[in-house]
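Enquirer: Sequence:
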Amino acid sequence: MCSSFAASKEGKMKFMSRRVIVGALVIAVTCLPGVAPVGGQTAPEEKPQMADEVFKNVQVLRGLTVDEFMGTMGFIAASLSMNCIDCHSVEAASDVTKYAVDTPVKQTARKMILMVKSINAANFGGKQTVTCYSCHRSGNAPKAIPSLAEQYGTPPPEDPNEVEIVGEPRSGAPSADQVFDKYIQALGGAQQLAKLTSFVAKGTYEGFDTGDEKAPVEVYAKAPDQLTAIVRIPQGDSIRTYDGRTGWMTSTGTLLPLPVLVLARGNLEGARLDAELCFPAQIKRTLTEWRTGFPPTFIDDNEVDVVQGTSVAKTPVKLYFDKKSGLLVRLVRYTNTAIGTNPTQIDYSDYRDVAGVKMPFHYTVTWTDGRSTTELSSVQPNLPIDASKFAKPAAARKAGTP
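Per my numbering, the very first residue in the sequence shown carries number 1076; after that it's consecutive.
Hints listed in this document are in silico derivations from the structure and should not be mistaken for laboratory results.
All the given hints hold, so there is nothing to weed out.
As a list, the in silico DSS-like pairs of lysine-lysine whose alpha-carbon atoms are at most 27 Å apart:
#	residue 1	residue 2
1	K1186	K1131
2	K1389	K1202
3	K1257	K1270
4	K1181	K1218
5	K1464	K1277
6	K1277	K1289
7	K1464	K1433
8	K1186	K1173
9	K1270	K1359
10	K1186	K1202
Based on the sequences and whatever the hints tell you, model everything.
Expert: Here it is, written out as structure tokens:
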């Protein structure tokens, strides 16, 4: 089913003021349990807003859409384990116009971006081989001296998101078709999945835009690729929508100076994938260039089968299926930014039977700007859903106010 939005950063990232961090810029309403393009006419594709037209004093990161620009900010924050106010004026916590003020750290960041671009151009044909994270590794300054504690201490557990095929694929691993067939059977079988053409779900959501407090959420999904999630918060409705062609999100609960944001490029591709995977019968055609044969991989001590596909944006998408049950337990997709690649991780659990189809009632979305958790209490299958649910959402608050 669907894996909701994105929320506030936890762990190493130090968010002084959750309202300052404009985090929810990825539609993370990622789903599970397919079918062909939406019938009827579609509205002309909406042009995304450009960062240099919306923000003041953009000097280096020009030519980006607003969501790409904010994704780039998230990459910097994750690479250095810093928050917005560590680079921008402290006054920006209460006055969005102060983000344009130059600070010594901002000026240094611009130099670093140009330096990294120069290194990649001179040595790697312009490919993003060296990034902020290459040296900083979630620290505000690169380390120049080896750490003996790290060298001789207990190594950290391997990150399953980083598993790769080195050389030849592992022999004896199931093919992508075999993994998908097992998954479809585990969900209830192809015939049952074909009967699922829409659903409406309700539950609670907590994340950045709710101040990490639980808030009511409604999810509307219609095959093959329409998806809307609405979080009811005091400031107004926080909405993420994909209509089969265009994606939007409202900025309710943030200080983003746009009431409604149009998704573009990698983020739009992520929205499409999230919507299509709500109806898993079509999983085999959501991506291309499927690969298996990864080294043995475990999530929470449970072995998983890893299948990797390629998105329309030519970025990899990894799916992790529990080896015993066959159910999808994690999806990791990537979005390119101006200076590096952002991962988005969705974890699924608590599968329950809904009209003969198993759906996850709990999912957590984690990305460089935050983390959100959705817990569903009810899912109603095959309800008629008015087309207006997938239209561009109305602004719920004045731009630049939380």
